[in-house]
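Residue numbers (the working numbering), protein chains in the order written: chain A, 1 to 288; chain W, 1 to 267; chain H, 1 to 340.
For the record, the hints were derived by calculation from the structure and aren't laboratory data. Honestly, I wouldn't trust all of these hints.
Unchecked claim - Which bits of chain H does chain A cover? Going by a derived footprint, with three or more residues having C-beta under 8 Å, they are:
(1) 246-256
(2) 288-295
As the list claims (entries may be wrong) - Below are the DSSO-like pairs computed for lysine-lysine, each with C-alpha atoms no more than 30 Å apart in a straight line:
(3) Lys5(W) to Lys179(A)
(4) Lys193(H) to Lys149(A)
(5) Lys74(A) to Lys149(A)
(6) Lys193(H) to Lys59(A)
(7) Lys99(A) to Lys93(W)
(8) Lys250(A) to Lys95(H)
(9) Lys2(W) to Lys99(A)
(10) Lys237(H) to Lys317(H)
(11) Lys179(A) to Lys51(A)
(12) Lys95(H) to Lys149(A)
(13) Lys191(H) to Lys250(A)
(14) Lys95(H) to Lys193(H)
(15) Lys99(A) to Lys5(W)
(16) Lys55(W) to Lys179(A)
(17) Lys179(A) to Lys2(W)
(18) Lys59(A) to Lys74(A)
(19) Lys67(A) to Lys51(A)
(20) Lys302(H) to Lys313(H)
(21) Lys317(H) to Lys250(A)
(22) Lys67(A) to Lys193(H)
(23) Lys149(A) to Lys191(H)
(24) Lys55(W) to Lys266(H)
(25) Lys59(A) to Lys237(H)
(26) Lys262(W) to Lys98(A)
(27) Lys74(A) to Lys193(H)
(28) Lys2(W) to Lys98(A)
(29) Lys67(A) to Lys250(A)
(30) Lys136(H) to Lys191(H)
(31) Lys99(A) to Lys259(W)
(32) Lys179(A) to Lys59(A)
(33) Lys179(A) to Lys259(W)
(34) Lys191(H) to Lys67(A)
(35) Lys191(H) to Lys95(H)
(36) Lys98(A) to Lys259(W)
(37) Lys95(H) to Lys266(H)
(38) Lys74(A) to Lys191(H)
(39) Lys98(A) to Lys5(W)
(40) Lys266(H) to Lys149(A)
We treat Cβ as the ideally placed atom computed from N, Cα and C, and that holds for glycine.
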Amino acid sequence: MRKKRREGSGAIWLVAPMAIWTILFVGVTLGYIVWLSFMTRNPDGLGVIPKFTLDNYLKILNPSYGKVLLNSLKLAALTTGVCLLIGYPFGYFMARAKKSRRSALMMLVIVPFWTNALVRVYGWRMLLMGDGPLNSLLLSIGAIQEPLKLLNTFGAVLLGMVYALLPFVILPAYSSIEKMDWALVEASRDMGASPARTFFSITLPMTAPGLLAGCVLTFVPSIGLFFMSDLLGGANEVFLGNLINTQLLKSRDWPFAAALSVVLMLLTSSILWVYRRAGGKSSDIAVF
Amino acid sequence: MKQRKILSSAYLVLVLLLMYLPILVVAVFSLNANTSRFTYNFTGFSLQYYEGLMKDTKGLVAALLQSLELALYSCLISAVVGTLGAVGMARRKFRFSGAIEGISMLPAMIPEIILAMGFLSIFAAVGVPFGMLTLLIAHVTFCIPYIFIVVRGRLAGLDPELPSAARDLGASPVRAFFDVTLPLILPGIFSGTLLAFAMSMDDFVISFFVTGPGTTTLPIKIYSSVRMGVSLQVNALSTMMLATVFLVIAVFRLVRQNKQHKGRSQT
Amino acid sequence: MKTLLAWMLMLALLIPGAALAEGNITIFTWEGYFSDEILQQFTDETGIAVNFSPFASNDEMLVKLRAGGKYDIVLASDYALSILRTEGLLTALDKALLPNYANLNPAYLNQVFDPDGAYAIPYAAGSPMIVYDPSKVEGEITGFADLWDEQFVDSLALINDARVMIGATLKSLGYSYNTTDQAQLDEAAEKLKSLRPNVRVFDYDATYQYLLSGEVKVAYLFTPYAAIAQQTNPELKCVFPAEGIGFGIDAMVIPASSENAEAAHKFLDFMMRPEIAAQSAAWTLYLNPNAAADPLIPEELKGYDALNIPEDKLATKEFVEDVGEFEAVYQDIWTEFQMQ
C-alpha cells in the first residue's frame, strides 16, 4: 500500500517539466494563432484590430482556395501511395536480410537525414537539369536526341516528396515485419498456400500496424511541405504551404493565414484520431 | 530460394542507389573546378571549395558550429524533459496525459511558418531578446515530442515488474530508475535524440524568425543564399559532414565488434 | 546533470551579450550580397567587426524589423525600405558623417521610396529584361506583348513575383505598375490568364538556368542574371520591353533600433568610396549608383546589355511601390494565375 502511494506521488514531478513547457510554449503559441484566426485584419496592412469575425474561415470556402487544399491532399495521397509501394518491399527485404546486414541497412537509410534537406533537393536539381549529368549521359549514349525536360513537372515534385519521406515508410514497415511471427508464414506455406496467398492473408494483415503508421507519417508532413514545388516543380502549382506563406509574408493577412493553419491542424488531428481508432498505437509511430 | 535472395538484394541496392544519387551529385559537384558563382556545369576537378572551407572563418563553418551548438543543447534539454515526462506518465495515469501528449505533438502538424510567426509574436510581446535563447526555446519545443513518443513506446514494451523488483530489493525510487529503468530505455532515448538532432540541424523557417542579429545557423545561411546563388562551398561542407558521420559510425561499429569479440574470447 | 544545466543556461545567456560588444556592426541582407573581401577590408581599416545576418526575402526582413530586431545596417529593396520609412523604423542619415555622399549619381537619389534622400544610400539598381535564344524564336521580341505569342507554348520562364509579372501585364495594357484601379486589375488578371499555357516555370533566382539549359526559349530576368546569361551564351538577345521598364533600387539604411549608428555611418561612407563601389558593382552585377565609380567599372561589364540602359528607356522607368491593402488583391490574382 505504501509503495504504491510513494511511486504515484513522485510521478507528478517527473511530468511537471514537460507539462509546463508544453502549456507555456506550445499551448500559448497555438492559442495565439487560434485567437488570431478570429481577428480582423487592419486595413492599413499592419497587424490586426481586436474585432471578432468569422470572415477568415468563410474566406476559405472560396473555390480557388478549396482547389489549393485539394491539390495538397492529392499530392499527399500520391506521395503516401508511392512511398508505400517502394518502401514496404524495402522494409520487407530489409527485415528478411541477415541479422548482421540489418543494422548496416538501417544506418544507410537514416544517414541521408544528416545532410541538409535543401542541399539534397539542390542535388536533384543539378542532376535533372536540361544540361545536367543525367541528360548529358543519355545524350552521349544516344538514348535520346534532345534533352529530357525532367524538372518543372509534377513528376519532379512527386519524386522530391517521395525521396524526402521514404524512410518514414521503410522504418515502421521494417519494425513491424521484423516483429512478426514467421512460424505462421512457414505454416501457411507448409499447408500448400502459394506465396501470394500467404502474403495477402498472413503477412499483410499482421504487418498492418506498420503500414498504417507509415501512411500517417508520410501523409501528415506532405500536406505542409511546400518548397519541393518551388525548387523542383517550377512553382507551377500552389499548395497549402505556399498559400500560407504568401498570405503571411506578402499579403500580410495574418488572420487569414492563421485560419488556414487552424484548418490544417484540425485536418491532421483528425487523421491521427482516425488512426488511433483504427487501432494504431503510438508505439508503432515511434519507430526510430 | 536463391532467386529470391538475388531479387531482394537487387531491390535493396537499387533503392539505396536512388537514395544516394543526389548526395553523390552533391559530392561530385563539390569537386567542380568551375569558379563561377552562378553557373554549375562541370569544368573539371578541383579541391578549391574544400580549400575555401579550410580558410573560411566567418562563414559556413561558423554557421555550422552555431547549428551544432544549438542542436546539442536543444537535444539535451528535450531529452531530459521528454524522458521524464514519458516515465512519469507511464508510472501513473494522469487525466491530462492525453491532452499534454496531443498538444506537444501539434507543432509537428502545422506548417512551420505559422508556428514561427506565433513564436515571434509571443517573444516580441513579452520582450525576450531574439538570439540563442529564443532559438533554444523554439528548438526544444519541437524536439520534445520526438523523444517523448519514442521513449513512451519503449516503456510500453517494458516489463513493469522490473523496477518493482528493484524496489522490493531495497533500492530507492531514484536508484531503481537510474539502475533499472534508464538502461532499458536508453536505446529509445538515443534514437529519439538522433532524430531530434537531425530535425534541429535542418530547421530554417522557425530558426530564421526567432533568431537574433549575430546568430546564424547553417540552414538559415543556405536558405538565404537565394539571391546570389548557393555557393558550391555548401556542397563541400555537406560532403564533409556526411563523410564525418560515416566515419564516426564505422569507428563505432568497429569498437563494438571488438568488444563483442573480446567478450566472447573471455567466456 | 545539475552542473551541466547550469553551464548551459549561463552560456545561453552569455552569447547574445557577446554580440553587443563595442566596435561592431550587424548587417542584415541577402547572403552573398556583399563580397567578403570588401567587408574584411572595412574591418582591417577601421577595426570595427562586421556581423552578418542573412535573410531570404524583403518580406521576411519586414517581419523581423517590425518585431524589434536590432541591426545596424539593413540592405533591402526600395518598396520595403519605403514601408520602414513610413513606419518610423529608420534613422535619418547624418550627412556630415558621410563626405562620400557627393559621389552618388543624382539620378538614383530622392526617388519615390526616399523622396528627401534622408534615409537611404543606393547600393545596387536594376531593371528586369526579356532574354531569349534567337535560334529558337521566330521573329524578334520587342516587348511584353510578344510573350503571348502562340509559338511560346510551354517555353517561358517568368519571375515568381506577383508585383513584377502583374506589373508587366499592366504595362502591356498601357497602365501603371502600381495601379489600384480594380477595373484595370481585373483586365490584367484576364490577360494574364491567357498567358498561362506559355509558362513552363516560375522561379525567382534560378530562372536563367532554365534558359541556359535550353529548357525554355524566353526568360524574364533580373539584371545580374541577364548579365550572367549573356556572359555564358553571347548569342542570347537581351531586350528592354518596349512598353516601359520596371526599375528597382536596393539601398542601405540605418534602422532606428541600431545601437551603433556611428560605426554604421562609417560603413556607409566606406561603401561610397569610388574603388569600393566599383568592386561592389563588379561583385553584384547590378547597376552602379555611384558616379565617381563609373570610370573604375571593369570593361567587361560595359559589354552587357543589362548593365547599360539607354537614356530613352530610363525615362520610362517605374518603381514597384507599396499599394497598401491592394497588395492582397495582387497576390490573389497571382495565386489564381499560378493555379491554372
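Okay, the hints, checked on the actual structure:
Chain A is given as covering the segment 246-256 of chain H, and this is violated because 0 residues of the stretch bring a CB closer than 8 Å to a CB of that chain, at least three being needed. Remark: the segment 288-295 of chain H is not confirmed as covered by chain A, as 0 of its residues place a Cβ nearer than 8 Å to a Cβ of that chain, below the required three. With a C-alpha separation of about 20 Å, the suggested pair lysine 5(W) and lysine 179(A) falls inside the 30 Å cut-off, and the hint holds. For the proposed pair lysine 193(H) and lysine 149(A), the alpha carbon gap of about 24 Å is at most 30 Å, so the pair holds.
Annotation: proposed proximity of lysine 74(A) to lysine 149(A) holds, straight-line Cα distance about 23 Å (limit 30 Å). With a CA separation close to 22 Å, the supplied pair lysine 193(H) and lysine 59(A) stays within the 30 Å bound. Taking the CA atoms of lysine 99(A) and lysine 93(W), the gap is near 38 Å; set against the 30 Å cutoff, the hint is violated. For the hint linking lysine 250(A) to lysine 95(H), the alpha-carbon distance of about 33 Å lies beyond 30 Å, and the restraint is violated.
Restraint check: the Cα-Cα separation between lysine 2(W) and lysine 99(A) comes to about 18 Å, which is no more than 30 Å; the hinted pair holds. For the proposed pair lysine 237(H) and lysine 317(H), the alpha carbon gap of about 21 Å is at most 30 Å, so the pair holds. Note on lysine 179(A) and lysine 51(A): the hinted pairing is violated, with a Cα-Cα distance of about 55 Å set against a maximum of 30 Å. For the given pair, lysine 95(H) sits about 54 Å from lysine 149(A) by alpha-carbon distance, which is inconsistent with the 30 Å threshold.
With a C-alpha separation of about 22 Å, the suggested pair lysine 191(H) and lysine 250(A) falls inside the 30 Å cut-off, and the hint holds. Of the supplied pair hints, the one linking lysine 95(H) and lysine 193(H) is violated, its CA atoms being roughly 48 Å apart against a limit of 30 Å. With a CA separation close to 14 Å, the supplied pair lysine 99(A) and lysine 5(W) stays within the 30 Å bound. A threshold of 30 Å between alpha carbons decides the hint, and for lysine 55(W) with lysine 179(A) the separation of about 50 Å lies outside it, so the pair is violated.
With a CA separation close to 24 Å, the supplied pair lysine 179(A) and lysine 2(W) stays within the 30 Å bound. Restraint check for lysine 59(A) and lysine 74(A): the C-alpha separation of about 21 Å stays at or below 30 Å, so the hint holds. Our distance criterion of 30 Å between C-alpha atoms is met by lysine 67(A) and lysine 51(A), whose separation comes to about 29 Å. About 17 Å separates the Cα atoms of lysine 302(H) and lysine 313(H), which keeps this hinted pair within 30 Å; it holds.
Taken as a hint, the lysine 317(H) and lysine 250(A) pair is honoured in the structure, with Cα atoms around 23 Å apart against an allowance of 30 Å. For the hint pairing lysine 67(A) with lysine 193(H), the CA-to-CA distance comes to about 17 Å; that is within 30 Å, so the pair holds. For the proposed pair lysine 149(A) and lysine 191(H), the alpha carbon gap of about 27 Å is at most 30 Å, so the pair holds. A C-alpha spacing of about 27 Å is found between lysine 55(W) and lysine 266(H), which places the hinted pair at or below 30 Å, so the restraint holds.
Of the supplied pair hints, the one linking lysine 59(A) and lysine 237(H) is violated, its CA atoms being roughly 45 Å apart against a limit of 30 Å. A hinted pair counts as satisfied when its Cα atoms are at most 30 Å apart, and lysine 262(W) with lysine 98(A) qualifies at roughly 23 Å. Our distance criterion of 30 Å between C-alpha atoms is met by lysine 74(A) and lysine 193(H), whose separation comes to about 24 Å. Taking the CA atoms of lysine 2(W) and lysine 98(A), the gap is about 14 Å. The hint holds against a cut of 30 Å.
Of the supplied pair hints, the one linking lysine 67(A) and lysine 250(A) holds, its CA atoms being roughly 20 Å apart against a limit of 30 Å. Our distance criterion of 30 Å between C-alpha atoms is met by lysine 136(H) and lysine 191(H), whose separation comes to about 25 Å. At roughly 18 Å between alpha-carbon atoms, lysine 99(A) and lysine 259(W) fall within 30 Å of each other, so this suggested pair holds. Among the hinted pairs, lysine 179(A) with lysine 59(A) is inconsistent with the structure: their alpha-carbon atoms are about 48 Å apart, more than 30 Å.
Of the pairs offered as hints, the one joining lysine 179(A) and lysine 259(W) holds, with about 27 Å between alpha carbons and a cut-off of 30 Å not exceeded. Straight-line distance between C-alpha atoms of lysine 191(H) and lysine 67(A) comes to about 21 Å, which keeps the hinted pair within the 30 Å bound. For the hint linking lysine 191(H) to lysine 95(H), the alpha-carbon distance of about 47 Å lies beyond 30 Å, and the restraint is violated. Distance restraint check for lysine 98(A) and lysine 259(W): the Cα-Cα separation of roughly 21 Å lies within the 30 Å cut-off, and the hinted pair is therefore satisfied.
Of the supplied pair hints, the one linking lysine 95(H) and lysine 266(H) holds, its CA atoms being roughly 11 Å apart against a limit of 30 Å. With a C-alpha separation of about 29 Å, the suggested pair lysine 74(A) and lysine 191(H) falls inside the 30 Å cut-off, and the hint holds. Note on lysine 98(A) and lysine 5(W): the hinted pairing holds, with a Cα-Cα distance of about 11 Å set against a maximum of 30 Å. For the suggested pair lysine 266(H) and lysine 149(A), the alpha carbons sit about 50 Å apart, so the restraint of at most 30 Å is broken.
Hint compliance for this structure: hints 1, 2, 7, 8, 11, 12, 14, 16, 25, 32, 35 and 40 are not met, and every other hint is.
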